[in-house]
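Q: Respectively, the protein sequence lines represent chains L and A. Here the numbering used here is used: position 267 in the first sequence is 267, and no number is missing along the way. Here the numbering used here is used: position 164 in the second sequence is 439, and no number is missing along the way.
Note that these hints are calculated values from the structure, not bench results. Careful, some of the hints might be misleading.
Each computed DSBU-like pair below joins lysine-lysine, with the alpha-carbon atoms no more than 30 Å apart [unchecked claim]:
1. K98/L to K279/A
2. K165/L to K111/L
3. K165/L to K349/A
4. K142/L to K349/A
5. K98/L to K142/L
6. K452/A to K279/A
7. K111/L to K380/A
Fair warning: this is a prediction, and the values are worked out from it, not measured in the lab.
This is what each chain is made of:
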Amino acid sequence: MKPFLKIFLRSSAEVCRIKNEMILEIKDISKHFGGLAALSGLSFEIHSGEILGLIGPNGAGKTTLFNVISGFFPPTSGKVMFEGTDITGLRPDQIAQKGVVRTFQGVNLFKHRTVLENLIIAHHLQVKANFWELLFNNARAKSDEIAARKSSLDILGYMGLMGLKDELAQNLAHGHQRALGVAIAMAARPRLLLLDEPLTGMNAEESRQFLELIRGLQGRGITLMVVEHDMKAIMGLSHRIVVLNYGRKIAEGVPQEIRKNQEVIEAYLGSEGLI
Amino acid sequence: MGKKRLGYLVVFVALLLFPAVTQDPYILNIAITTGIWTTSVWGVRLIMSTGQLTLGHAAYMAVGAYASTLLVMKAGLSFWLAFPLSGVISAFVALLIGYPTLRIKGVYFSIITFAFAEIVRLIIVHWTTFLGGFGGIANIPAPNPVFSIRFTGRVPYYYLILALSIVTYWIMVCMEKSRIGRIFSSIHESDTLAESIGINIMKYKMTAFCVGCFFAGLSGSFYAHYFNFTSPEFFTIWQSIYCLIFVLVGGAGSVLGPLLGSFFLTLVPELLRVAREYEPVVYAIILILVMFLLPGGLITLPARLLGQKKRN
Numbered sequence: 001m002k003p004f005l006k007i008f009l010r011s012s013a014e015v016c017r018i019k020n021e022m023i024l025e026i027k028d029i030s031k032h033f034g035g036l037a038a039l040s041g042l043s044f045e046i047h048s049g050e051i052l053g054l055i056g057p058n059g060a061g062k063t064t065l066f067n068v069i070s071g072f073f074p075p076t077s078g079k080v081m082f083e084g085t086d087i088t089g090l091r092p093d094q095i096a097q098k099g100v101v102r103t104f105q106g107v108n109l110f111k112h113r114t115v116l117e118n119l120i121i122a123h124h125l126q127v128k129a130n131f132w133e134l135l136f137n138n139a140r141a142k143s144d145e146i147a148a149r150k151s152s153l154d155i156l157g158y159m160g161l162m163g164l165k166d167e168l169a170q171n172l173a174h175g176h177q178r179a180l181g182v183a184i185a186m187a188a189r190p191r192l193l194l195l196d197e198p199l200t201g202m203n204a205e206e207s208r209q210f211l212e213l214i215r216g217l218q219g220r221g222i223t224l225m226v227v228e229h230d231m232k233a234i235m236g237l238s239h240r241i242v243v244l245n246y247g248r249k250i251a252e253g254v255p256q257e258i259r260k261n262q263e264v265i266e267a268y269l270g271s272e273g274l275i
Numbered sequence: 276m277g278k279k280r281l282g283y284l285v286v287f288v289a290l291l292l293f294p295a296v297t298q299d300p301y302i303l304n305i306a307i308t309t310g311i312w313t314t315s316v317w318g319v320r321l322i323m324s325t326g327q328l329t330l331g332h333a334a335y336m337a338v339g340a341y342a343s344t345l346l347v348m349k350a351g352l353s354f355w356l357a358f359p360l361s362g363v364i365s366a367f368v369a370l371l372i373g374y375p376t377l378r379i380k381g382v383y384f385s386i387i388t389f390a391f392a393e394i395v396r397l398i399i400v401h402w403t404t405f406l407g408g409f410g411g412i413a414n415i416p417a418p419n420p421v422f423s424i425r426f427t428g429r430v431p432y433y434y435l436i437l438a439l440s441i442v443t444y445w446i447m448v449c450m451e452k453s454r455i456g457r458i459f460s461s462i463h464e465s466d467t468l469a470e471s472i473g474i475n476i477m478k479y480k481m482t483a484f485c486v487g488c489f490f491a492g493l494s495g496s497f498y499a500h501y502f503n504f505t506s507p508e509f510f511t512i513w514q515s516i517y518c519l520i521f522v523l524v525g526g527a528g529s530v531l532g533p534l535l536g537s538f539f540l541t542l543v544p545e546l547l548r549v550a551r552e553y554e555p556v557v558y559a560i561i562l563i564l565v566m567f568l569l570p571g572g573l574i575t576l577p578a579r580l581l582g583q584k585k586r587n
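Taking the hints into account, I'd like the entire structure generated from these sequences.
A: Here's what the structure looks like:
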């Protein structure tokens with residue numbers, strides 16, 4: 001076993017403490033697209049160190065919320081606070097720099113590059129050299145490149161993609177592409193990672209392994225917010241769950257409470273069995 | 276690596292000694308025209324590498340040409356000061372135009388750059404008193420002598436454009452090889468993913484656009500002083516489209532592509548001795564043939580030939 005993996009296993013075996021402090025606060029967020037209210041008056045918090053599940057029927061506003069938090073859409077009103085500072089209205093790259101990184105629902109990769117190149121580019125925020133130093137490839141640019149490469153290999157090893165590092169991203173199997181998506185986000189060293197339907201298109205075995213990986217990320221001290229349609233998986237994974245319907249929060253609590261919540265069952269009418 | 280360096284050295288010495296072999300003005304003119312084009316076309320390729328297709332590159336050549344002309348003829352500046360300044364002015368104009376337009380993607384950006392190019396051309400056509408109007412500005416002075424080299428024949432111009440092309444090439448290769456080039460192409464491949472990992476995509480798109488237009492400005496300035504004449508006729512939509520055709524025919528995948536495209540497409544109409552009016556037709560036919568037979572451009576021809584040999 002590689003030493004890196006050992007360290008990870010030890011730390012994830014310890015019960016990672018969920019602190020009572022908030023890492024992200026959603027304060028009265030609304031987002032309107034023309035006449036359509038995708039999100040209305042949404043408020044909740046994410047605690048430092050936890051895995052928060054975000055569920056709701058199709059069109060409930062989960063991905064819109066991700067886009068608002070990560071800066072892809074500015075909210076119509078309301079505030080997003082990260083570690084006590086207001087990040088509302090910042091650009092996606094500025095929010096990533098603060099430590100909030102998201103993945104995408106579909107497969108979103110640098111398709112024509114190899115897996116390793118994808119990861120090296122994703123270390124953008126770790127690059128210390130400025131534009132001119134990069135252009136003329138001076139010592140600092142070179143050492144950045146070596147550091148990015150080393151860290152990329154670490155992450156690939158962790159995500160189980162080491163054997164595929166020289167494959168073009170577009171040639172990977174779907175499950176590996178999803179893993180690469182998360183690996184890319186990891187390279188930006190997030191403190192809060194937003195995963196948008198990470199298990200879509202995976203078979204049972206792939207899902208099981210992937211859930212282990214996600215738990216491992218939490219074990220390494222990354223706070224996670226996960227949108228997922230697989231109810232069994234999200235109930236097993238999350239410490240707490242927030243349920244959205246028509247852009248409003250209809251429930252919030254630990255998985256056992258959510259399972260019994262009448263309003264949640266109604267929202268998923270016809271699919272109670274799933275919960 | 277050693278082989279590559281040796282290759283560079285051989286080509287460099289060959290280009291340096293070229294005027295010693297022939298001083299035929301006709302042949303030198305083809306070489307100089309190739310240099311003017313390729314400097315500009317490298318800029319187009321750089322802008323394309325971020326995923327933005329510009330249809331108005333000639334406008335920035337025009338800005339460079341007229342800026343340099345006016346700085347020399349009206350402000351009395353030396354060519355050697357006006358020349359770099361014209362690049363800076365072009366880059367500055369690109370900054371002003373790029374700020375609102377680079378947010379726009381795909382065909383809309385292309386249409387806006389096209390519209391801007393027409394605006395620039397129309398301003399030149401209609402501002403007769405200051406910019407010479409349709410008739411253009413004649414008698415643009417040659418560059419002042421330096422190191423007792425006088426710009427009388429074509430040879431000094433050849434060396435000047437050679438130096439400019441080499442510097443441009445070198446900067447393009449540096450960009451391509453460094454992280455900067457990879458950032459550009461990552462924006463091209465997925466701008467949302469690039470943003471999500473902390474890349475300020477506007478900053479990098481702007482950098483590519485301004486650097487590309489800087490070289491277009493230098494190229495335009497050289498053009499004006501080489502022909503001693505500038506006119507809006509040189510900077511029509513056709514010139515912008517030619518820039519794109521040169522990239523595609525040469526091959527967008529390599530820095531050498533635009534050079535090959537510029538050389539090949541400067542040479543072909545000369546060899547065919549076609550009238551200027553039929554040039555677009557020739558270019559169109561070549562573009563279609565290349566797109567069908569060699570989608571990667573002429574630069575992929577050697578690899579293609581070798582590959583076929585291996586298969587046989």
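Q: Now, for every hint given, state plainly whether the structure supports it.
A: Okay, the hints, checked on the actual structure:
Using a Cα cut-off of 30 Å, the hinted pair K98/L and K279/A is violated, with the two alpha carbons roughly 43 Å apart. Taking the CA atoms of K165/L and K111/L, the gap is near 13 Å; set against the 30 Å cutoff, the hint holds. Restraint check for K165/L and K349/A: the C-alpha separation of about 60 Å exceeds 30 Å, so the hint is violated. Only pairs whose Cα atoms come within 30 Å are accepted, and K142/L paired with K349/A is rejected, the gap being roughly 47 Å.
For the proposed pair K98/L and K142/L, the alpha carbon gap of about 25 Å is at most 30 Å, so the pair holds. Between K452/A and K279/A the CA atoms are separated by roughly 15 Å; this keeps the pair inside 30 Å, and the hint holds. With a C-alpha separation of about 19 Å, the suggested pair K111/L and K380/A falls inside the 30 Å cut-off, and the hint holds.
Consistency with the previously given hints fails for numbers 1, 3 and 4, ordered from lowest to highest.
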